[in-house]
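Novice: Read off the chains here:
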Amino acid sequence: MNVLQIAWKNIRQNPATSVLGILLTAFGTGILCVLLLTSHQIEEQLDNNSRGIDLVVGAKGSPIQLILSSIYHMDNPTGNISLAEAQQLAANPMVKLAVPLSLGDNYRGHRIVGTDSTFLQLYGLELAEGRIWQADFEAAIGAEVAQKHNLKIGDNIYGAHGLSSEGHAHDEHAYTITGIFKPAHHVADRLILTNLASVWRMHGDHDEDEHEHEHGEEHDHEHEHNDSHDVAGVEEHEHHHGEEHDGHDHEEPQLVKSIMGDIGSGEREITSMLIQYRNPAAIGMFPRLVNQNTAMQAASPAIESARLFSLLGIGIDSLQILAYVIMLMAALSVFISLYNALKSRKYDLAIMRTLGASQGKLFGIVIAEGILLTFVGAIAGVVIGHIAIYLIGASTGGTATLLQALVLLPEEAWLVVIGVAIGFIAAVLPAIKAYKTSISQTLSGN
Amino acid sequence: MQDSFANTVIRLNGLTYQYPRGESLHFTDLEVPSGQHTLILGDSGSGKTTLLHILSGLLKPTTGIVSIDGQQLYELTARKLDEFRGQRIGLIFQEAHLVKSLTVRENLQIAQGFAGARIDNSRINEVLALLSLDHKADSYPSKLSRGQMQRAAIARAVINKPAILVADEPTASLDDRNTESVLNLLLDQANQQGATLIIATHDKRVKTRIAHAYEMATRPHPINE
Chain A
1 MNVLQIAWKN IRQNPATSVL GILLTAFGTG ILCVLLLTSH QIEEQLDNNS
51 RGIDLVVGAK GSPIQLILSS IYHMDNPTGN ISLAEAQQLA ANPMVKLAVP
101 LSLGDNYRGH RIVGTDSTFL QLYGLELAEG RIWQADFEAA IGAEVAQKHN
151 LKIGDNIYGA HGLSSEGHAH DEHAYTITGI FKPAHHVADR LILTNLASVW
201 RMHGDHDEDE HEHEHGEEHD HEHEHNDSHD VAGVEEHEHH HGEEHDGHDH
251 EEPQLVKSIM GDIGSGEREI TSMLIQYRNP AAIGMFPRLV NQNTAMQAAS
301 PAIESARLFS LLGIGIDSLQ ILAYVIMLMA ALSVFISLYN ALKSRKYDLA
351 IMRTLGASQG KLFGIVIAEG ILLTFVGAIA GVVIGHIAIY LIGASTGGTA
401 TLLQALVLLP EEAWLVVIGV AIGFIAAVLP AIKAYKTSIS QTLSGN
Chain B
1 MQDSFANTVI RLNGLTYQYP RGESLHFTDL EVPSGQHTLI LGDSGSGKTT
51 LLHILSGLLK PTTGIVSIDG QQLYELTARK LDEFRGQRIG LIFQEAHLVK
101 SLTVRENLQI AQGFAGARID NSRINEVLAL LSLDHKADSY PSKLSRGQMQ
151 RAAIARAVIN KPAILVADEP TASLDDRNTE SVLNLLLDQA NQQGATLIIA
201 THDKRVKTRI AHAYEMATRP HPINE
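Order-wise, the sequence lines are chains A and B.
UniProt numbering puts the first residue of the first sequence at 1, with every later residue one more than the last.
UniProt numbering puts the first residue of the second sequence at 1, with every later residue one more than the last.
Read the hints as simulated data drawn from the structure, not as lab findings.
Hints should not be assumed to be uniformly reliable.
Claimed, not checked - Quick list of in silico lysine to aspartate or glutamate cross-link-like pairs, EDC-like style, CA-CA up to 20 Å:
#1 A:Lys343 / B:Glu126
#2 B:Lys204 / B:Glu215
#3 B:Lys60 / B:Glu83
#4 A:Lys9 / A:Asp47
#5 A:Lys9 / B:Asp138
#6 A:Lys346 / B:Asp138
#7 B:Lys207 / B:Asp43
#8 B:Lys161 / B:Asp188
#9 B:Lys204 / B:Asp175
#10 A:Lys152 / A:Glu129
#11 A:Lys436 / B:Glu83
#12 B:Lys161 / B:Glu126
So that you can see chain A by itself, here it is in the shape it has in the complex (with noise of 0.2 Å):
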């Protein structure tokens, strides 16, 4: 019989109060818990999601919907720009790499993504099987979307307008699936990518449907001139690169031109653009240089999510607030009930001395059961939170993919720490009781 033993008999000597103390430190620890794992994943989250992205242009709004929208994929656009006026800051200096996204679509609450192959360099997608759209309508899916739908390539699937599959259907045009990015743990896994015409053409030009196609090649080209290494279709643009000036590079702006002419509106639109800077002098400069000099917003990912994340923080702390009360209440019931119990224990604290156990061993008994309670506790506790992180997760099913209930952080064990330390502080002053209680005055006053 070890110290740890008798504690252990002693605790269950007393179920009542014992459970008390396990319970109150469990649900401290478990909401703890559930804080540490969903803040870490959806801070997780928010960097992989934005990782190479520095800032991102769209419509004038709120820069926090612009980031939600096109980043993470959770909101509304703010409303269109000017491909031109994009593509003129694309050809800056100071950017690297520039992604034009179109948004409008979803397929059962996937968005689909008008964009370029830059897309794929920008977030690292490399295909697991097939080969990215080259014709309108021809779209490669991520691979959660091709998990989730069973879809392969050569499925054919039907848009709904907006970002919930609620939407209104567009099945006069289905896209073919023609590819499948292998899983790269971001948002990406959850999105379906198609070229920009695609999207145009699904949206109010379908009167102009002749038109279209060339558009659409006619924006890649631009696009890829600008400066970014494509991966599509690369054979025909490798000469705009050349040293060689042909007569391609100086029909095209007369070819923008002749087709923005043909086109009632006047101007092509997208919904937003994501840009990956040069180097990191352009942080200062370039944002000032899109909010003053054009119709256009600048939000940079970084500053928004920091301030997204300062305001989910608030519940954070708070509920954190909670759960220190109620680890001190734990603490508070381990004190009393271990203080109280010495009152009926004193007697047999007294016996094990006259049997040779020493004053240390007394408090060590006493620690122990102390450490033992809330130790039991914290374990129950990270449980506990698991498990509530699990319900969760499968409660809300399509933001399932942002908690995952079988992530132990290495933080968790702190937390285990914490309990232990809250018994030790509990138990201290009843050990110390036992450890002062003198055999000779117990043995006789009873």
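Starting from the structure of chain A, add chain B where the hints point.
Specialist: Frame of chain A; chain B shown alone:
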């Protein structure tokens, strides 16, 4: 009195004890040879229990020397003294008291463990059988009868084969028949385990069984009856 060449198991020399409230006690010197069971006699409040606690290493005397089995108790460090007590001194109280959260067997195990001995289950079984408690080994104290409690407490006191077995008013609340059987048990166990029995009592029924006695008094010499 036995001859001086016999082993002296208890030696008290110049003992005084001052209570925190100011009262003070002077104890007559005492030498108990090994195997000579001895009574400590005196009225209630005469300091019998105080003396028992002093010679069991539970209460440090104000002055004087306590030597048990050749070891001066209060020269030991607190920790060593606890261990020595666990090994060499068996204590039995008026009310048999077992640790409530542990079974009879576990109560004996902690007695071995605290004394620094190895857990020896065959010894535990042997002692429990001697006291006809083997069928109660895994019972909790709350499930024992009073007599069984008493026997379990005796079992625990002798488990480590102590040099002295100290009992404080073991018969005070018992009727004649039970007094007889407890005394028989104590004497049997003390003789079998080679322990010297020290009983503090004011119970006349005990005096008829044990010849040697130490009178609580301020008189300079122990008396024999």
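Novice: Decide, hint by hint, whether the structure agrees.
Specialist: Structure-based check of all given hints:
1. Taking the CA atoms of Lys343 (chain A) and Glu126 (chain B), the gap is near 34 Å; set against the 20 Å cutoff, the hint is violated.
2. Annotation: proposed proximity of Lys204 (chain B) to Glu215 (chain B) holds, straight-line Cα distance about 13 Å (limit 20 Å).
3. In summary, the hint linking Lys60 (chain B) to Glu83 (chain B) is supported, as the alpha carbons are separated by about 16 Å, within the 20 Å threshold.
4. Among the hinted pairs, Lys9 (chain A) with Asp47 (chain A) is inconsistent with the structure: their alpha-carbon atoms are about 49 Å apart, more than 20 Å.
5. The hinted pair formed by Lys9 (chain A) and Asp138 (chain B) meets the criterion: a straight-line CA distance of about 14 Å does not exceed 20 Å.
6. Restraint check for Lys346 (chain A) and Asp138 (chain B): the C-alpha separation of about 24 Å exceeds 20 Å, so the hint is violated.
7. For the given pair, Lys207 (chain B) sits about 14 Å from Asp43 (chain B) by alpha-carbon distance, which is consistent with the 20 Å threshold.
8. Annotation: proposed proximity of Lys161 (chain B) to Asp188 (chain B) holds, straight-line Cα distance about 13 Å (limit 20 Å).
9. Restraint check for Lys204 (chain B) and Asp175 (chain B): satisfied, since their Cα atoms lie roughly 13 Å apart, inside the 20 Å limit.
10. With a C-alpha separation of about 10 Å, the suggested pairing of Lys152 (chain A) with Glu129 (chain A) holds against the 20 Å cut-off.
11. This hinted pair checks out: Lys436 (chain A) and Glu83 (chain B) have alpha carbons roughly 17 Å apart, not beyond 20 Å.
12. Annotation: proposed proximity of Lys161 (chain B) to Glu126 (chain B) holds, straight-line Cα distance about 12 Å (limit 20 Å).
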